[in-house]
Structure formats: structure tokens, C-alpha cells
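Student: Letter by letter, the chains look like this.
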Amino acid sequence: MATVTFDGATRIYPGTERPAVDKLNLHIEDGEFLVLVGPSGCGKSTSLRMLAGLEEVNEGRIMIGDRDVTDVQPKDRDIAMVFQNYALYPHMTVADNMGFALKIAGMHKEEIRKRVEEAAKILDLSEYLGRKPKALSGGQRQRVAMGRAIVRQPRVFLMDEPLSNLDAKLRVSTRTQIASLQRRLGVTTVYVTHDQTEALTMGDRIAVLKDGLLQQVGTPLEQYDKPSNVFVASFIGSPAMNLGTFPVVGAAAKVGDSELPLTRATIAAITPEDDGKVTIGFRPESLDLVDAGTAGAIAVEVDIVEELGSDAFAYGVIPNLDPTASLQSPQVIVRTDPRAVPKKGAVTHVAIREGEQHVFSAATGERLPN
Amino acid sequence: MAFNITAAAPDPALLDLPWDLPLEQWPADVVAALPRGISRHVVRFVKLSGRVLAVKEIAPRAAHHEYRMLRALSGLDVPAVTPVGVVAGRTDRSGDPLDAALITQHLQFSLPYRALFANTLVPDTASRLLDALVALLVRLHLGGFYWGDVSLSNTLFRRDAAAFAAYLVDAETGELHAELTEGQRLYDVDLARTNIIGELMDLEAGNRLEPDTDPVAVGDDLLARYLRLWAALTEEETVFGNAKWQVAARIGELNRLGFDVGELSMVGDETGTALKIQPKVVEPGHHARRLLRLTGLNVQENQARRLLNDMDAHRHELGLQDESEEFAAHDWVAHVFEPTIKAIPADLRGKLEPAQIFHEVQEHRWFMSQQEGRYVPIAEAVQHYVDQVLRHRRDEASLIGVDTLSLPPVPDLPAPPP
Ligand SMILES: Nc1ncnc2c1ncn2[C@@H]1O[C@H](COP(=O)(O)OP(=O)(O)OP(=O)(O)O)[C@@H](O)[C@H]1O
Ligand SMILES: Nc1ncnc2c1ncn2[C@@H]1O[C@H](COP(=O)(O)OP(=O)(O)O)[C@@H](O)[C@H]1O
Ligand SMILES: [Mg+2]
Ligand SMILES: [Mg+2]
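Order-wise, the sequence lines are chains A and B.
Per my numbering, residue 1 is the first one in the first sequence, and the count goes up by one each step.
Per my numbering, residue 1 is the first one in the second sequence, and the count goes up by one each step.
Derived by calculation from the structure, the hints in this document are not laboratory data.
Predicted model, so just to flag it, every value in this text is computed and none were measured.
Built from N, CA and C at the ideal position, the CB exists for glycine as well.
Hints may contain errors.
Unchecked claim - Below are the EDC-like pairs computed for lysine to aspartate or glutamate, each with C-alpha atoms no more than 16 Å apart in a straight line:
| id | chain 1 | residue 1 | chain 2 | residue 2 |
| --- | --- | --- | --- | --- |
| 1 | A | K103 | B | D214 |
| 2 | A | K75 | B | D214 |
| 3 | A | K75 | B | E182 |
| 4 | A | K75 | B | D190 |
| 5 | A | K75 | B | D220 |
| 6 | A | K169 | B | D190 |
Stated by the list, open to error - Covered by chain A, according to a simulated footprint, are these stretches of chain B (three or more residues, beta-carbon under 8 Å):
| id | region |
| --- | --- |
| 7 | 54-64 |
| 8 | 203-210 |
Between the sequences and the hints, there should be enough to build the whole structure, so can you do that?
Tutor: As C-alpha cells, then:
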């Protein structure tokens with residue numbers, strides 16, 4: 001097992017100018033489950049492939065443990081790419097299917113048996129080791145394939161969108177299974193996905209990428225509670241955070257008819273480039289329905305109400321917005337108690353819960369202190 | 001998503017297939033029994049509008065990806081199965097969704113490797129399959145294609161004179177790049193090595209492998225052969241002395257390997273005593289193209305070699321050396337090739353490709369001549385070959401009886417312990 005370090009790792013594809021991955025600095029702890037997440041084309045797969053040795057590193061280096069592997073061939077890196085298409089061989093026993101790669105490597109029979117038995121235990125396959133794949137269920141076969149990777153005892157597992165070909169229901173159950181298996185094995189794992197829900201539910205930490213640049217690394221909670229910029233704020237969380245840019249009047253941001261007070265630290269961090277504006281963010285689930293008279297209450301004209309049983313979501317617009325204000329999405333989303341849903345067409349008032357208001361620079365999108 | 005078909009040239013008859021049934025349940029009157037390799041997805045063959053199609057049930061995203069990859073490969077002119085289309089948005093009779101289907105054209109005369117091992121006793125089968133696979137892999141890599149799942153199961157083989165020609169059949173994990181890195185190429189070869197050793201060990205476990213074949217040695221050999229061919233096709237070489245002769249020698253060597261040189265870079269050093277030469281563009285099919293140009297016959301590379309050799313022999317035999325090559329070729333087609341093929345009874349012609357039959361007749365004639373210690377005329381050899389060999393051959397355009405193991409591609413990892 002090992003740590004993984006991207007040290008200023010850069011990949012520029014031939015014939016392109018902008019790096020697909022730009023000076024990536026990322027340290028992954030031993031045994032950690034790290035998820036690389038971001039929209040399509042942001043450089044996730046390229047990062048993973050650099051770690052695997054499949055993509056050249058044009059600048060910087062990559063370490064596995066204390067070893068600089070930047071120029072090491074993939075097969076000599078002691079990594080395993082999991083969920084590749086592992087075929088099962090019909091005439092070989094389950095034990096041989098799991099252990100044959102070790103046999104090729106010239107490993108001693110005893111050692112192979114030991115490893116196969118260990119892996120079988122973890123995978124709940126002990127009693128099937130002497131059988132042929134034909135006698136197994138689909139799920140058991142898949143586990144045998146997984147066992148092929150496990151018996152090699154690689155220092156790092158790499159997974160690139162392993163669930164992308166499954167239907168929605170299977171995706172959900174499989175992702176918890178992968179996460180729990182990884183925790184039992186304790187092998188450092190780097191996992192790529194474009195799906196932020198998958199990232200939030202699986203990763204010990206998440207690294208968010210955009211345009212080849214690392215945006216933020218942190219636990220799911222850190223990413224959710226303290227997004228470091230507008231991109232992360234809008235990418236993490238579902239439904240997405242409400243985000244808008246509003247004029248600053250005195251010590252408050254003017255959002256429609258209401259004024260949201262800003263702290264002294266926030267005000268002090270505003271620069272001339274911000275042009276007298278700030279970007280405010282609040283999650284649909286950070287809102288409480290309040291009376292019109294409450295301080296900081298924002299009016300919302302409700303267009304649509306979506307009731308999902310356990311929750312309800314109201315979609316609406318903020319009336320009387322300043323002409324210089326702009327919303328990232330024209331509709332504001334409010335999550336409410338399904339027993340107290342605002343009526344379609346009504347004007348309701350919401351307040352952002354204490355400590356759940358996010359403020360970003362209007363010019364740079366970076367988080368401002370509060 | 002609503003039912004939809006993606007296809008470059010859609011055949012309306014596709015709509016007649018029972019898309020509302022899981023592929024595994026397609027009735028016997030729709031399905032053609034042909035041999036298949038090992039696969040995790042369900043694959044079936046169907047006869048439609050006079051051709052045979054292969055249908056693979058697979059997740060929609062993967063189906064579309066594989067379709068795109070196969071289209072790109074046909075654009076690159078790399079031997080691979082030809083994509084026909086993707087059927088997605090399928091539902092069963094109670095309205096529940098079914099996986100998508102990738103449709104490809106069944107590659108005629110192709111043999112999955114298990115069928116070859118199930119029947120041939122020819123020594124060295126493994127080694128000859130390997131040569132074909134290495135040639136395919138190098139071509140794919142030259143074109144910027146990373147396969148990601150190289151194996152004997154994911155390759156189809158066709159007889160190519162005494163050798164085999166390999167075709168890619170499973171592009172599910174493929175990626176097309178402008179150019180591959182060394183890491184990508186060598187990783188692909190390493191995957192190939194592991195998979196092939198596994199596949200041969202499996203044949204061994206089923207008592208189907210020639211007893212003196214060592215799977216690990218075959219796998220190691222793959223790497224060595226790949227590296228040799230890659231170097232011959234791409235390596236820069238510094239030559240001194242008679243540069244003209246050495247450049248010609250390098251080109252000759254590439255031709256011998258079956259490649260034409262589309263572009264060769266030659267750079268002199270400052271002192272003017274050395275020249276660096278490096279092939280920049282190489283195109284496979286040197287002999288096949290030459291034969292096509294001379295005769296209009298479109299055959300595989302090794303078959304072309306065979307026919308060209310025979311044509312040369314014919315030219316010498318008849319003293320046509322002074323005639324143009326085109327004239328000699330024309331004479332050979334009219335007086336040797338066509339009469340041989342026409343001498344095969346029509347009902348037996350579908351068993352093998354014509355060029356392959358020609359090759360086998362020539363081999364047969366050589367053996368007969370050796371055995372009988374006399375010159376056996378071609379007409380006699382054809383007759384003997386038809387009666388003694390071809391009639392007893394199974395029909396390779398539609399060979400039956402090799403089982404496929406289908407494994408559902410459904411990940412199901414263990415639940416966490418309580
Ligand atoms: N167009 C075709 N012509 C002839 N045979 C074909 C064709 N398509 C598929 N086959 C046969 O079906 C088998 C399985 O196909 P394929 O490899 O695409 O399935 P798969 O489930 O994706 O395999 P894997 O488990 O390797 O991912 C092949 O080995 C081949 O023998
Ligand atoms: N082989 C390649 N050649 C050129 N550009 C590439 C190649 N692979 C990826 N890219 C480009 O690099 C960027 C990052 O791609 P990728 O790492 O695949 O992103 P992701 O996995 O996040 O979707 C994209 O702009 C993509 O178009
Ligand atoms: Mg396959
Ligand atoms: Mg496949």
C-alpha cells in the first residue's frame with residue numbers, strides 16, 4: 001500500500017495549446033479513497049492515465065509511495081486498473097481464474113494459494129474455489145473477476161467510471177459495495193467519475209477539476225459546506241446551489257427587495273474589480289419559510305412545486321431584482337417540508353439559515369471570508 | 001428513451017427482429033448457429049436480407065461507444081468487424097427496459113480461436129495465431145488505437161494461405177488517439193500477454209492444447225514479436241557508406257514484412273558521412289495491393305504472397321520474363337487461377353474463399369508430387385484435392401457446434417459484513 005502524489009503534473013496533448021491537466025498538485029494518503037470529479041473534458045481521465053503510466057507527463061512528476069514513477073512502465077507501477085473486462089475461463093476453477101496471473105509471474109504455489117484464499121474470504125467465495133465459473137451466479141462471477149485484481153495486492157487501485165454502463169438502480173447499489181470493499185481492503189484507490197453524487201457518497205476526499213485545473217480538494221462535507229469558488233459551489237450538491245450576483249449597498253447585498261447583511265471581513269475583501277457586486281449562494285436546503293417581515297427574508301414568486309414524498313421543491317423567481325443583478329439560473333429552488341408546500345402562483349418568503357450563506361467575489365468567483 | 005436505431009445505412013428488415021425479447025430468448029428460427037468466442041455479453045447471429053449479422057446485448061452507452069470505435073476503425077482501414085448499427089430504447093412486452101444491441105456484420109469465413117483448437121491438429125497453431133494478432137496489434141497502434149482488451153476471444157481469425165489474418169471483434173474498451181504513447185502500447189501488449197496465457201491455460205485445462213505448447217512461453221513470445229515488428233516499422237536507423245543501397249534494403253525489408261513505405265525521412269548529419277533514415281508512414285498490404293493492381297483479385301496479404309509467387313513461377317515456366325508483368329499476370333489468371341477455381345464443384349465452393357482454395361490446391365499438388373516422385377499436373381491435383389480434402393471439410397462460412405460462455409455483465413460485489 002502506498003501514498004500517491006501528483007507533483008505539478010501536467011499533460012499537454014500534441015497539437016493542443018491548453019494543458020489537459022495543468023500543474024496538478026495532489027497528495028493522496030495511504031489507504032485513502034480519493035475521487036476525481038468534474039464535468040466531461042475537465043481532465044479526470046487524463047490525470048488517472050498519467051498515474052497509470054498510459055499518458056505522458058510533460059512537466060512535473062508522479063510518486064507512488066517514495067518512488068518516482070514518472071518514467072516507469074504501467075506494468076511495473078504496482079497498480080491495478082479495476083473493472084476492466086476480466087474474462088473468466090470456463091475450464092479453469094474459480095481458484096485458478098483468480099490466481100493465474102500470479103502463476104504467470106512465477107509466484108510460488110503456496111503463496112498463490114494463500115492469496116487466493118484470503119481474497120476469496122473477503123469476496124465471500126471461499127466455498128466456490130474448486131468450482132468452475134459456469135456453476136456461479138452472475139454476481140459471483142463478477143466477484144471472481146474482482147478477485148483477479150485483489151490477489152495481485154497492488155499498491156493502488158484505479159477505477160475510471162466503472163459504473164457508467166450500469167442502469168441507475170444497479171449503479172446505486174454497486175457504488176456502496178465498491179466503497180465498502182475498498183474500506184475492508186484498505187488499498188489506496190483513485191476513482192474517476194463525472195457524477196458528483198457518486199463522488200460525495202463514495203470518497204474519503206474529493207478533488208474537483210475544471211478545465212484541467214484543480215479547484216478544491218477536501219472531504220465531501222468540506223466541499224459541500226465551504227466550496228472554495230463559484231464553480232465548486234454550483235457543481236457539488238443536487239439540486240444545485242442557488243447562485244446570483246447582486247449589488248452591494250452599504251454593508252449588505254441587495255437581493256430583490258431584501259438586503260442580506262455582509263460581515264465586515266467580507267466587505268473588506270471586496271476589490272475594485274468586483275465593481276460593487278458580490279456573488280451570493282444558498283442551497284435549496286438552506287432555506288426556511290418565514291414571514292414577510294423577518295429580517296433578510298427574500299420574496300419568491302412560486303412557479304412550480306414538485307412533491308417527492310419525503311421532500312418538496314418549489315421553483316420560483318425573485319421579484320424586483322436590480323437591473324445589475326444576475327442569477328446563474330433564472331429560477332430559485334427552495335426545498336420545503338412536504339406538509340407545508342407553498343402554493344403555485346403564491347409569493348412566499350424564505351430566509352437563509354444562519355451560517356449557510358456563501359459569498360464569492362463577483363470578479364474572480366473565489367470564496368470571500370465571512 | 002424511445003426505441004431508436006442508429007445506423008449509417010439502415011436496413012428496414014432490422015425492424016422485423018424481435019427487439020422486445022431479451023437476446024437470450026430469441027427463437028431458433030431467427031438465430032443462426034455459428035461459433036463464438038468467450039464473452040460476458042450475450043451474442044447471437046441472425047440471418048437478415050441475405051447476410052448474417054452479429055447482435056450483442058450491451059449497455060446503451062457502451063453500445064454507442066463501440067459502434068463509433070468500429071466506424072473509426074473501418075475509416076482507418078484496419079481489419080475489424082464492420083458495424084451495422086445500434087438499437088437502443090428497447091423494452092420488453094411488459095414495458096420494462098432492455099439493454100441496447102450492437103449490430104455488426106458477421107465476418108465470413110472467420111474462425112474464433114476455440115474453433116481452431118477444437119479441430120485442427122496442425123502444429124504451431126498458437127504460434128501462427130500469435131503472428132496474426134501481433135500484426136493486427138501493430139496496425140491498430142500505428143493508427144492510434146488503444147484496444148484495452150486484447151485477447152484471442154476478442155479477435156477473429158481467417159485462414160490466410162498457410163498463416164492466419166486477424167480481425168478485431170470487440171472494441172468496447174477501445175480509445176482512438178492522435179498517437180499512442182509508449183505506455184499505452186506496452187500496456188496493451190501486456191494485457192494481451194496476460195489474456196492469451198489465460199486463454200491457452202484454459203484450453204490446456206480442457207485438454208485442447210497441443211501438448212508441447214507452453215502458454216507462458218507463447219505469451220512471452222508475443223511481446224518479443226511485437227517489439228520486433230514495431231521496431232522494424234518505426235525505428236530510426238543511422239547508415240554509413242552506400243546509403244542508396246541501405247535505404248533500398250530497409251524498404252525491401254518492410255515490403256517483405258508486407259508493408260509499403262508511404263514516407264521515409266532521410267536526414268544527413270553535419271559531417272555528411274551518416275544518414276538517419278526512419279519510416280514515417282507505412283501501409284500494410286504490400287502484396288495484396290500489388291496483386292490487386294495486377295489481376296483485380298482482392299485477397300488477404302499472405303494469400304496474395306502465395307498467388308504472386310505462383311504467378312512468378314508461371315512466368316518463368318512459360319518463358320514470359322521478357323513480357324510485361326501485367327501481361328504475365330493476365331495470362332496466369334486466365335490459364336491457372338480461374339481454371340483451378342472453376343474446377344471446384346459449385347456446391348463445394350462456399351467452403352473456403354477462392355484464394356484459400358487455390359493455396360490449398362497448390363499445397364496439395366506439392367505433397368502429391370513429393371509422394372509420387374513425379375510432376376503432378378494442376379488439373380489432376382484439383383480433382384484429387386476435391387475428392388480427398390475439400391469434400392470432407394466442414395463449411396467454414398457457417399460452421400456449427402462450438403459453445404459460447406456468456407457471462408452477464410452485471411457487477412454484484414459483496415455486501416458489507418454485518
Ligand atoms: N461480427 C462478428 N462476426 C463474427 N463473430 C462475431 C462477431 N461479433 C461477435 N462475434 C463473436 O462473438 C464473440 C463475443 O463478442 P464480443 O467479444 O464482442 O463480446 P463481449 O461480451 O463484449 O466480450 P468480452 O467479454 O471480451 O467483453 C466474439 O468472440 C466472436 O466470436
Ligand atoms: N488523446 C487525446 N488527444 C488530444 N486531446 C485529448 C486526448 N484525450 C483527452 N483529450 C482532451 O483533454 C481534455 C481532458 O480530457 P479527459 O481527461 O478525457 O477528461 P475527462 O475524463 O474529465 O472527461 C479534453 O479537452 C479532451 O478533449
Ligand atoms: Mg469480447
Ligand atoms: Mg467486450
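Student: Now, for every hint given, state plainly whether the structure supports it.
Tutor: Structure-based check of each hint:
1. For the proposed pair K103 (chain A) and D214 (chain B), the alpha carbon gap of about 13 Å is at most 16 Å, so the pair holds.
2. A threshold of 16 Å between alpha carbons decides the hint, and for K75 (chain A) with D214 (chain B) the separation of about 22 Å lies outside it, so the pair is violated.
3. Between K75 (chain A) and E182 (chain B), the direct Cα distance comes to roughly 12 Å. Compliance with the 16 Å bound is thereby established for this hinted pair.
4. At most 16 Å may separate the alpha-carbon atoms for a hinted pair to count; K75 (chain A) and D190 (chain B) meet this at roughly 7 Å.
5. Note on K75 (chain A) and D220 (chain B): the hinted pairing holds, with a Cα-Cα distance of about 14 Å set against a maximum of 16 Å.
6. Simply put, K169 (chain A) and D190 (chain B) have alpha-carbon atoms about 35 Å apart, too far for the 16 Å limit, and the pair is violated.
7. For the region 54-64 of chain B, the assignment as covered by chain A holds, since 4 residues bring a beta-carbon within under 8 Å of that chain's beta-carbons and 3 suffice.
8. As drawn, the region 203-210 of chain B meets chain A at 3 residues by the rule of a beta-carbon pair under 8 Å; at three or more, the given contact holds.
In summary, the structure is inconsistent with hints 2 and 6 from the numbered list given earlier, while agreeing with the others.
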